[in-house]
Amino acid sequence: MNREKAEKLLFEHLKNPNLRRHCLATEAVMGALAERLGGDRDGWALAGLLHDIDYEETKETPDKHGLVSAEILKEHGLPEDVVNAVLAHNFRKEPQSLMENAIVCADAITGMIVASALIRPEKKISALTADFVARKMKEPSFARGADRSKIAYYEKLGLTKEEFFEIAIKAMAQIAGRLGL
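Per the numbering used here, residue -10 is the first one in the sequence shown, and the count goes up by one each step.
Simulated from the structure, these hints should not be mistaken for lab results. Any given hint could turn out to be false.
Said to hold, decoys possible - Listed next, the in silico DSSO-like pairs over lysine-lysine satisfying Cα-Cα at most 30 Å (straight line):
| # | residue 1 | residue 2 |
| --- | --- | --- |
| 1 | K82 | K127 |
| 2 | K82 | K53 |
| 3 | K63 | K112 |
| 4 | K125 | K159 |
| 5 | K113 | K82 |
| 6 | K4 | K63 |
| 7 | K159 | K(-3) |
| 8 | K63 | K113 |
| 9 | K145 | K82 |
| 10 | K48 | K63 |
| 11 | K(-3) | K150 |
| 12 | K113 | K150 |
| 13 | K63 | K53 |
| 14 | K113 | K125 |
| 15 | K(-6) | K159 |
| 16 | K(-6) | K139 |
| 17 | K(-6) | K53 |
| 18 | K150 | K82 |
| 19 | K139 | K63 |
| 20 | K139 | K150 |
| 21 | K4 | K145 |
| 22 | K125 | K112 |
| 23 | K48 | K139 |
| 24 | K82 | K(-3) |
| 25 | K145 | K53 |
| 26 | K112 | K127 |
| 27 | K113 | K(-6) |
| 28 | K(-3) | K127 |
| 29 | K112 | K150 |
| 30 | K150 | K125 |
| 31 | K139 | K53 |
| 32 | K53 | K112 |
| 33 | K113 | K127 |
| 34 | K145 | K127 |
| 35 | K63 | K125 |
Whole structure, please, built from the sequences with the hints as guidance.
Spelled out as structure tokens, the structure:
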């Protein structure tokens, strides 16, 4: 499935603009991580884009989140590694591969970066530094929804916190217009 068809499929399933932006951000981070780590950029990016495709459908049954996504992706012929990454993003499958570990931290860091950008006077991702995001992350009351234990999966990728944050900030800054930041 090409990227254009994947986004169309995502938008058919997700109507909430914030969820759509989150998926776009996760796609950007996953693509950048693939480039850095030698993964298949297209496959990793598709996993990021489509990882929450079932979110609205499973809102009342969160234990099915990820499982329904996997079925949708299988029906549309997406590769097994993409399906497995989507299952791993919320531990419906124990993350094992590099891509599966990457999606755990990519999914989580996007919320931390968005929250960090929104408290800056400029309200721009481009104004962020890895150090600023790291300092905000140390505040337990800041961006409570951004799971710090999932963000820490960058260690499983062989990256430092600073490297991971820089990759994620740069990736999201490249699509800042689509993210409204």
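Here's how the hints hold up against the structure:
no.	hint	in the structure
1	K82 to K127	holds, 28 Å
2	K82 to K53	holds, 12 Å
3	K63 to K112	violated, 38 Å
4	K125 to K159	holds, 18 Å
5	K113 to K82	violated, 35 Å
6	K4 to K63	holds, 21 Å
7	K159 to K(-3)	holds, 25 Å
8	K63 to K113	violated, 37 Å
9	K145 to K82	holds, 16 Å
10	K48 to K63	holds, 21 Å
11	K(-3) to K150	violated, 33 Å
12	K113 to K150	holds, 21 Å
13	K63 to K53	holds, 16 Å
14	K113 to K125	holds, 16 Å
15	K(-6) to K159	holds, 25 Å
16	K(-6) to K139	holds, 29 Å
17	K(-6) to K53	holds, 24 Å
18	K150 to K82	holds, 24 Å
19	K139 to K63	holds, 25 Å
20	K139 to K150	holds, 12 Å
21	K4 to K145	violated, 33 Å
22	K125 to K112	holds, 15 Å
23	K48 to K139	holds, 21 Å
24	K82 to K(-3)	holds, 26 Å
25	K145 to K53	holds, 26 Å
26	K112 to K127	holds, 20 Å
27	K113 to K(-6)	holds, 29 Å
28	K(-3) to K127	violated, 37 Å
29	K112 to K150	holds, 23 Å
30	K150 to K125	holds, 13 Å
31	K139 to K53	holds, 19 Å
32	K53 to K112	violated, 35 Å
33	K113 to K127	holds, 21 Å
34	K145 to K127	holds, 20 Å
35	K63 to K125	violated, 38 Å
Violated hints, listed in ascending order, are 3, 5, 8, 11, 21, 28, 32, 35; each of the other numbered hints is respected by the structure.
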